[in-house]
Amino acid sequence: MTEVLILTQIAGRACALRASDVETVIEIDAITPVPRAPKHIAGLTTLRSQALTVIDSRVVIGEMPSAYPTDNRAVVFRTDGHSYALRVDALHDVDEMLSQPEQITGGFGAVWSRLAEGMVETQAGPALLLKASELARTGEDARGIH
Amino acid sequence: MDDLLTDFIAETRDMMEAIEGEIIAWEADPSDGTRLDAIFRFVHTVKGNCGFFDFPRLERISHAAEDALADVRAGRRTPDQDFVTAVLAIIDCINIMVAAIESGKNDVPEGGENPLIAALAGKQDIAAGTVEAEPADQPLEKAETPASAPRSIRLPVDLLDRVMSGVSDMVLARNDLAHRLEQAGDQPLIDGPFERLTTILSDVRDAITRMRMQRVELLFNTFPRLVRDLSHDLGKTVALDIEGSDVELDREVIEVIRDPLVHIIRNAIGHGLETPEERLAAGKSETGQLRIGARQTGNRITIVITDDGRGLNEEKIAEKAVANGLITQSQREAMDDNQIQQLVFEPGLSTASQVSNISGRGVGLDVVRDNLERVGGWIKATSTPGQGASIYLHIPLTLSIITGLITEVAGQRFAIPQSYVEEVEYGSHPDMDYTNLGDAVLVTMRGQRTRCLSLAEILGLETQLEPYDQTFVLLRLANGDLFALAVDKIHNIGDIVVKPLSPALLQTQCYSGTALLDDGQPIMLLDLPQIALDRGVVDEGRARIEVPAPSNESDASGETIRAMVFTAMDGTRKAARLEMVARIETLPTSQIDISRAQPHAVVSDQILPIFGLEIAAMDARKTRFLRISDGLSEFLYAVREVEDTAELYGDLLPVAGDPAVEALAMTDGVSIPLMNCTMLLKAHGVKIKHAALAEGAAR
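Protein sequences, first through last, are from chains A and B.
Here the working numbering is used: position 24 in the first sequence is 24, and no number is missing along the way.
One rule links them: number in the working numbering = place in the second sequence (from 1) + 146.
Chain B on its own, in the form it takes in the complex (with noise of 0.2 Å):
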């Protein structure tokens, strides 16, 4: 609202200028149509958005100028120098109420517009509205204040592309300058400046990438229309519901959505709900119910879009599968509902058996997944029979900053995206397994086969290590494709600024895109769906079908977590959800600063604070913690032991009494209470400064 509200002072305003010539030239020659025309949409507007806002004084004195203009423009008044006059009163009057609703004070005296009011409708001299003189004379000065205060202002894209390039370059710049200066050792002179140079540097990161945000509304505002229109064409109705429209996205990133999300409106009012008669013999209401709803989890925006339609026709859709040879029939037999309903995103599968010129334009949801793929996101489907369906589309909030894991093969590094990485594993754990079958490699971790690539091998290059000395970095696609990729060593993990390539790089198929890693060092970032396609690791839709959806979604009573078990300080045994664990930090207890009644450490320039802390049963020289985060806030977790990762099956037991205890639930059939991170991070968390979190991380 407050948003909303600054636009119409802001417009007012300038509309105000706009049309302070028009005025002058009005009052110069009163029977000039077109001045007077400017000056009618002024307060028209001005009427039109105090309906919305519930300023009854501004919309009543706007509103009986427009009428006193209308009869002018309507010639059933001529305008002379008293209307003239009159109107100009009305159009101060105007300015000093938007002063004062903008300064938040409401100092315009009650009642100081009636005789203005009075004076246009010719009953009243405008020399007698003595009242007038007060709100017109003082606080006119008052006016001009606020005219000079910060409010906003439009900007091309490119020059804010400009300064965000710009500041890049900055932080590359300082880099250098920090590792120079490392290199001379301390310099105390030097050192507090560029201590703060830096801490200036990263608010102005924060600041930039901010500036690249755009609501989500902007995207959503165009599809009442769009509903309107083709529910009208389609003959059905449909009430759209559209939620969470103050979601900020990347505006890149609300580009690349745009489409799929016309798309699957379009599927969803064209295939999904049923006309009017169909419904009402259905047992539902007249009206089709279309929601819309967008919402941010960590760095992860989720926009749903849900019908209550007929549902997807798994039968009809797994019949055109198998007849299109996408799967077999024995394939089809053994799959479940919801994995027949993901069919819906491969290629040359449309169910309509007519198409119509709503839904069949030829682009299908399959390049709405690519599309979404391409960007590190992806796109579920679920549906019930009768009751309609939803779809999922998962985003990351930018496109050009990511996650990055940084490896080394042959002396040369590369990026692998984050996201991807399940797990890492060196060549020498115990657990680890690896067996030659014909050229093709596969290990085994953690008694999960998987098929091997050497990314040495792929890139062409020459490796001095034996698979014992290697990495292995387990990698699952955005599709749930599994396969383990062989490294020389794992560097770090930091977030990047990925550009795009040129063609010519493109075309090798290897790669996405390009970074600078801190050192100004240009790294190349690997492209791991292309590549597994190539390899012939996943085959372009069988392999998608075959492996079943990541089990972390799965129905309630069969649910497995993954998670982090550990031993508290406490003595205690606990775990905690994978995804909620950032990393394990180990830091020396001198760094600890438990002087107060809530104990914090500095990691990676950023004030954390620490839970779980027992003080008689800390290790006189380092600590191990466990970094919570959620993407968005974090603090840290004192543990007196990590044991390992484990899947936690069987119910979820809730326990009563300690919130900070989500629930108990089951490992190696011993009960294990499993930590609440998400209330924890709700109430003590630390919001992640983004650009400290990149710097801190790289170094």
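Bound-form chain A, shown alone (with noise of 0.2 Å):
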């Protein structure tokens, strides 16, 4: 069975998550922001009566919010208990994953290197397939980025 993914771009790049570990698709209308919380956290919102972490993809990957625009939709995933919404430029597509993850030579960059699991070819084109856990888990290391 073929693996499918979900399409997204993130800070102008072309980026896959796994689908199985997404577990919804939302539309952000409100984030509450949270003073103090780390840069690339952009707040909490809701999903019926639980409470998201907002993360914003751009941040995470050491770019500003700003300098690219969102269409407010959000990719929510779960991991280690706790649930985020992860923000993104765009939402393009579900479509399914052609070849499995494959280093390129020369890397894909420090900080994307950790958060991809590698290159994968789809219908659109080739896209970085990122490992949603290690999304969230940017929190500690996010400190030394900025």
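Please keep in mind that the hints were generated in silico from the structure rather than gathered at the bench.
A portion of the hints provided could be inaccurate.
Said to hold, decoys possible - Computed spacing ranges between beta-carbons, pair by pair:
| # | chain 1 | residue 1 | chain 2 | residue 2 | range |
| --- | --- | --- | --- | --- | --- |
| 1 | A | Thr24 | B | Met357 | 25 to 31 Å |
| 2 | B | Leu343 | A | Ala19 | 32 to 38 Å |
| 3 | B | Asp349 | A | Gln100 | 51 to 57 Å |
| 4 | B | Glu554 | A | Thr24 | 27 to 33 Å |
| 5 | B | Lys635 | A | Glu96 | 52 to 58 Å |
| 6 | B | Gln329 | A | Thr24 | 54 to 60 Å |
| 7 | B | Arg300 | A | Arg114 | 25 to 31 Å |
| 8 | A | Thr24 | B | Leu343 | 23 to 29 Å |
| 9 | A | Glu96 | B | Val309 | 33 to 39 Å |
| 10 | B | Asp307 | A | Val94 | 27 to 33 Å |
| 11 | B | Gly338 | A | Ala19 | 33 to 39 Å |
| 12 | B | Glu554 | A | Val94 | 37 to 43 Å |
Where a beta carbon is used, it is the ideal one built from N, C-alpha and C, also for glycine.
Both chains come to you apart, so use the hints to assemble them.
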């Protein structure tokens, strides 16, 4: 059985997440900011009666969120018992994974390499397959980046 | 006892169902040993349980069957067809008797089991047991009915959690709907069913909350074995006395207190209780006493572990604390015994001269205290030299729902656990004063000077308000430390359901959890102990010690009571213990129903009885009430005027002949009657509906 991917755009790059890692996709209407939170945490939002920690994927990779417009949609995933909403530039499509993740010569860059499983082929072209759990774990490291 | 009986019936039935197949297989091949074992276990268990409950007839037949089956197992007897029939008849009879016990009707004919027992012994042909035909045939049908009647079932815990969160979702959806209905204006067609939905929902929520509760018995049941093993290892004799096993606690809380309790018991047996020889030499009985008791007061549980051992050695504790740099020599001299006793909860203090494998396991009482404080509880030690020590654990009933004060700063809302809040005061109040000393801010509230932190500053937010316009929340941490927090405004008090934070937000060290407000908005719960620690308002260890424990539990003669002083409707001045006054309610006089002998009013969806009402003295427009509550039940007490809070001092002088007055106390040099809230609540209070209260408060 082929694996299904969710194709997104993060800081202008084509990225993908395994559909099996993703709980749902939501439209964020309001974010409650959390003072003193790490920069990549945009705040909290809710899905039904559950509070989600909103991660801005653009900040995780070290970009300014304002540099890329967003359509306010977010991918919801759960790891280590907590639920997160990952804010991205845009959500494109759901597509089949056509190849296993591969590394490329020269790597994807330090930050990207840590987050990515590798490059995968899709109908829409190559995309970087990201590890959802790694995006949430960025907390401790993110301080180092900023 | 009823619960145990239900368990017994359920267990017997379950086993009966399980061995049904075995019986049939055994009938086909009476020499099959494994089938026989299963049946033997069944009658053996039934017999054992009967002894427990005093069912002599059931015990007799199961005993007879056990004996006969034991003979077969031992090879003393060969099962023939008659024997099998006799055993089956016995099992049917057990079934009938259990059904009779369950239905509460003792309708099994007296002596009906005698021929069965005789048949089992081989003395009588089973066919001749005509008496048996009656209980076997006719009540057998009867046995079918109770079998389908409701009994307890076991559920996986995560299923319960799912139901719980589903109900929370429903409550939020209801609140959202309520909000929209309000905006849409009066809609009689919808309002009725909506009200009904609200009532049903709060009932369901109530029931679900109860589902999460567990008897503390579950935890206590493991202690006799622990105590036996420990005392055996140490060559001590210990008598364990357990009380209050029927107290119910949230199962999460039970998990939190499990390790602390085990730790304290280990300590008590390892260090507290002496060896039999030492005890005899000290003129005590050879057997050490260890008592564990649980008690519920309001929405808190108190667990006390008492031993009659040698007590805490204050000298040694203080010596060690000084040696470890925990306190200085001069501080030590200023401390009384009670303060020294609390030092056992400080890190790095174990007085055992030698670390045994019983109590010296690395985790100290400091860990116990920290674990309890994390869930909003506290721990205290008392001791009398040579007579023993007691450790008190105070724990909230549930972890997931707490009462929170919703505050706002720079347009954002934050929750403060109500248990920390001592007092709230507006900056404009004439009694308030603030001073800047360097970068530090001090506030003086009612002559009491405390450090003040600005929530805006803590969170890096900008507030537009001058101190004069701000609101100050006086907070007392679990260890007794006091500080003030300046916020922009206070919204309300409400029950909030707290959910854990993601690691990224925990590392901010500002928050301890998150919750959803009525409108579905998330709100952060402030981690006040951590904030106070980070800002140096308390410094770990030292500050805990310097501040004396809250005065409400000090010795009787110097006792002061914080009370609300008011003028009752009949013009007399009275006082009510502050911890009993949940709120001051002002209601339109039209809302008070005085048509019956017992006046009442509806406050936040709850009908509350009213006391102290003097119809002649009522204001035509509105009436003020004290809402008296102990967390379990409540009532309203009508007042003419609320004066202020005050400290009552002096000996409490009991008043004969008036049960409504607890005692006479002193304030500002005059005597004042202290209302007996506990008695009034017991006699007239209305039980609080948890969900109703939460919704009412949030509205």
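Consistency of the hints with the structure:
1. A:Thr24 - B:Met357: 25 to 31 Å: holds (28 Å)
2. B:Leu343 - A:Ala19: 32 to 38 Å: Check passed, 37 Å falls within 32 to 38 Å.
3. B:Asp349 - A:Gln100: 51 to 57 Å: holds (54 Å)
4. B:Glu554 - A:Thr24: 27 to 33 Å: holds (32 Å)
5. B:Lys635 - A:Glu96: 52 to 58 Å: Holds: the Cβ-Cβ distance is about 54 Å, inside 52 to 58 Å.
6. B:Gln329 - A:Thr24: 54 to 60 Å: violated (29 Å)
7. B:Arg300 - A:Arg114: 25 to 31 Å: Since the Cβ atoms of Arg300 (chain B) and Arg114 (chain A) sit about 45 Å apart, the hinted range of 25 to 31 Å is violated.
8. A:Thr24 - B:Leu343: 23 to 29 Å: holds (27 Å)
9. A:Glu96 - B:Val309: 33 to 39 Å: holds (37 Å)
10. B:Asp307 - A:Val94: 27 to 33 Å: Roughly 30 Å apart at Cβ, these two residues keep to the hinted range, so it holds.
11. B:Gly338 - A:Ala19: 33 to 39 Å: violated (45 Å)
12. B:Glu554 - A:Val94: 37 to 43 Å: 42 Å Cβ-Cβ, so the 37 to 43 Å window holds.
The earlier numbered hints that this structure contradicts are 6, 7 and 11.
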